[in-house]
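Undergrad: Since the structure of chain L is already known, use the hints to place chain B on it.
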Amino acid sequence: MVADDRGQLLLLGGLAMAIVFLAAIPLSNSLVVTESAATSDTVRKIDQTADREAAVVRSIQTIANRTDAADNPDEFNRTLQNYSAHRLRVAGQQSGVFVNATLNRSASARRSESTIDDSGDDWTLSEHSGRIYEFDITVRDSPFSPGLSEFTVTIASESSAENWQLTVREQPDDDVVVTTSESGGTYCEGTTVQIDIRAGTCTEGGSTETLGPTYRDTVTGPYTVTYDDTSGWDADYTVVATGEFPNTASDLAIPYVDVTVEGPDASYTRTISTEETE
Amino acid sequence: MTRGQAYTLEGVLAAILIVTAMVYGIQAIDTRAWQDSTQQETQQLAYRASDLLTVAGETGALRNATLCYRDGRRLNGNRGDSGSEFESMLNTTFDSQADQYNIEFRFWNESDRTETVLVSETSDQAVNQPSDSAAVASTTVTLTDQMHRRTGSGCNSIPVDIQNDTSFYAPDVNESSALYNIVEVRLLVW
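These protein sequences, in sequence, are chains L and B.
Going letter by letter, the first sequence gives residues 1 to 278 in this note's numbering.
Going letter by letter, the second sequence gives residues 1001 to 1190 in this note's numbering.
Hints should not be assumed to be uniformly reliable.
[Unchecked claim] Covered stretches of chain B (chain L as the covering partner; in silico rule of three or more C-beta atoms under 8 angstroms from a C-beta of chain L):
#1 1016–1027
#2 1043–1057
#3 1096–1103
#4 1143–1150
#5 1177–1190
[Claimed, not checked] Not close to chain L: a few residues of chain B, all C-beta gaps over 12 angstroms, as computed:
#6 Gly1011
#7 Asn1078
#8 Ser1088
#9 Leu1118
#10 Pro1130
#11 Thr1140
#12 Gly1154
#13 Asn1156
#14 Ile1158
Hints were generated in silico from the structure; no laboratory data involved.
For glycine and all other residues, C-beta sits at the position ideal for the given N, C-alpha and C.
Looking at chain L on its own, in the form it has when it is part of the complex (with noise of 0.2 angstroms):
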């Protein structure tokens, strides 16, 4: 091409340009267009499947609802498996989604009732403790000499150096007072207390205050409980939590449930509680 051709040298950029031009906005185009389709696929099966698992986990719930999951694991267990192959028979079939539900012992929460051991020794109450349903303690006034005898349960992170410690102290005139590592005051003193430590309350002579922050504001799980220096006390405790209890017998609270769902979206297993929620 010579130089007096430059106007058509011109033309034919001017139209390549064009051409690309033309060309690339459709090819953007169509690029963010394949990309909203396949978003909105995706979360029209997420959606699907986390309808689906909230089915299930109304399904077992229910089932340990009426079995009295808790006081008959095995009948519980057994209904579960018949419900893993009905279910897959009504629904899975059509579906291709394949459910298995099998109940997990050690996952579970157990409940631990009893007198604290007031043999003078620390002991451990539970270990791992990932979540502690219920912890209530009952305390009456020490037959030891008035202002010698206190006893402490710790909290504390197996994640971390973190610890919530509360603190039952006898009084120079034999009544009891709680003390919390956290908010360093005394409250409900008398004979008789009772101490919700989840709920961070103690109550006496019908009266509740507040033990300021609980252990659920400043320590996070998994959790250790123990008891240190409960020589000469009298008092009792309830505690329901997940983990295990190595120096008391337990009995199965909550039961926790393996949830396997295989399917042509998603496969996984999860644990789940099989806590009431309606």
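TA: For chain B alone, coordinates are given in the frame of chain L:
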């Protein structure tokens, strides 16, 4: 300026022009996937149907409806205030919007196979024929032996366990366990 430099400058300017035009172009057009109005309506109906079943399942209204149905007591959103909670939800979500629906229960029957029954009103067969653009949503309800049967317009509980009610539409799939049956509820809306 040499010709080469001029062409280079021209190319750079052209590139800037193209990029600018593309940005304007993409902003000016609707980038959603193309759908006709029927597809959009079907999608909306599917979401509403799915949400209705989810809420009814969470509140227990759906379970009560499965315990209430019998051949002479079909589910009908037009029952008004005297109807059950689930029927009231149907009325608010679909009947009042002039949407039509069929409700089916699917369960394991005594012949060891699944059985599907239409449980919504079927007074007008022509009206109750789903269109091609009908939306479908489904969920499952688990029934246990000791659940009480429900009757009447308001689906009120009566002290009769479903395992002792021989007229109940679904059989006990396993008499040795607390599980009675599993009902898949399918809602077709159009």
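Undergrad: Now tell me if each hint is right for this structure.
TA: Now for the hints, and whether the structure bears them out:
Under the rule that three or more residues need a Cβ within less than 8 angstroms of chain L, the assignment of the segment 1016–1027 of chain B holds, with 6 such residues. Under the rule that three or more residues need a Cβ within less than 8 angstroms of chain L, the assignment of the segment 1043–1057 of chain B holds, with 4 such residues. With 0 residues having a Cβ less than 8 angstroms from any Cβ of chain L, the segment 1096–1103 of chain B misses the three-residue criterion, and the hint is violated. Under a criterion of three residues with beta carbons nearer than 8 angstroms to beta carbons of chain L, the stated coverage of the segment 1143–1150 of chain B is upheld, 4 such residues being counted.
For the segment 1177–1190 of chain B, the proposed coverage by chain L is satisfied: 7 residues have a C-beta within less than 8 angstroms of a C-beta in that chain, meeting the threshold of three. Its beta-carbon lying about 8 angstroms from the closest one in chain L, Gly1011 (chain B) breaks the requirement of being farther than 12 angstroms from that chain. Every C-beta of chain L lies more than 12 angstroms from that of Asn1078 (chain B), the closest at about 26 angstroms, which supports listing it as non-interface. Listed as a non-interface residue, Ser1088 (chain B) keeps its Cβ farther than 12 angstroms from every Cβ of chain L; the least gap is roughly 18 angstroms.
With a least CB separation of 17 angstroms from chain L, Leu1118 (chain B) remains clear of the 12 angstroms interface cut-off, as annotated. For Pro1130 (chain B), the non-interface assignment is confirmed: its Cβ lies about 17 angstroms from the closest Cβ of chain L, beyond the 12 angstroms cut-off. For Thr1140 (chain B), the condition that its CB be more than 12 angstroms from all CB atoms of chain L is violated, with the nearest at approximately 5 angstroms. With a least CB separation of 19 angstroms from chain L, Gly1154 (chain B) remains clear of the 12 angstroms interface cut-off, as annotated.
Chain L leaves Asn1156 (chain B) outside its interface by the beta-carbon criterion, the shortest separation being 18 angstroms against a cut-off of 12 angstroms. The beta carbon of Ile1158 (chain B) sits about 18 angstroms from the closest Cβ of chain L, which is more than 12 angstroms, so the claim that it is off the interface holds.
Hint compliance for this structure: hints 3, 6 and 11 are broken, all remaining hints hold.
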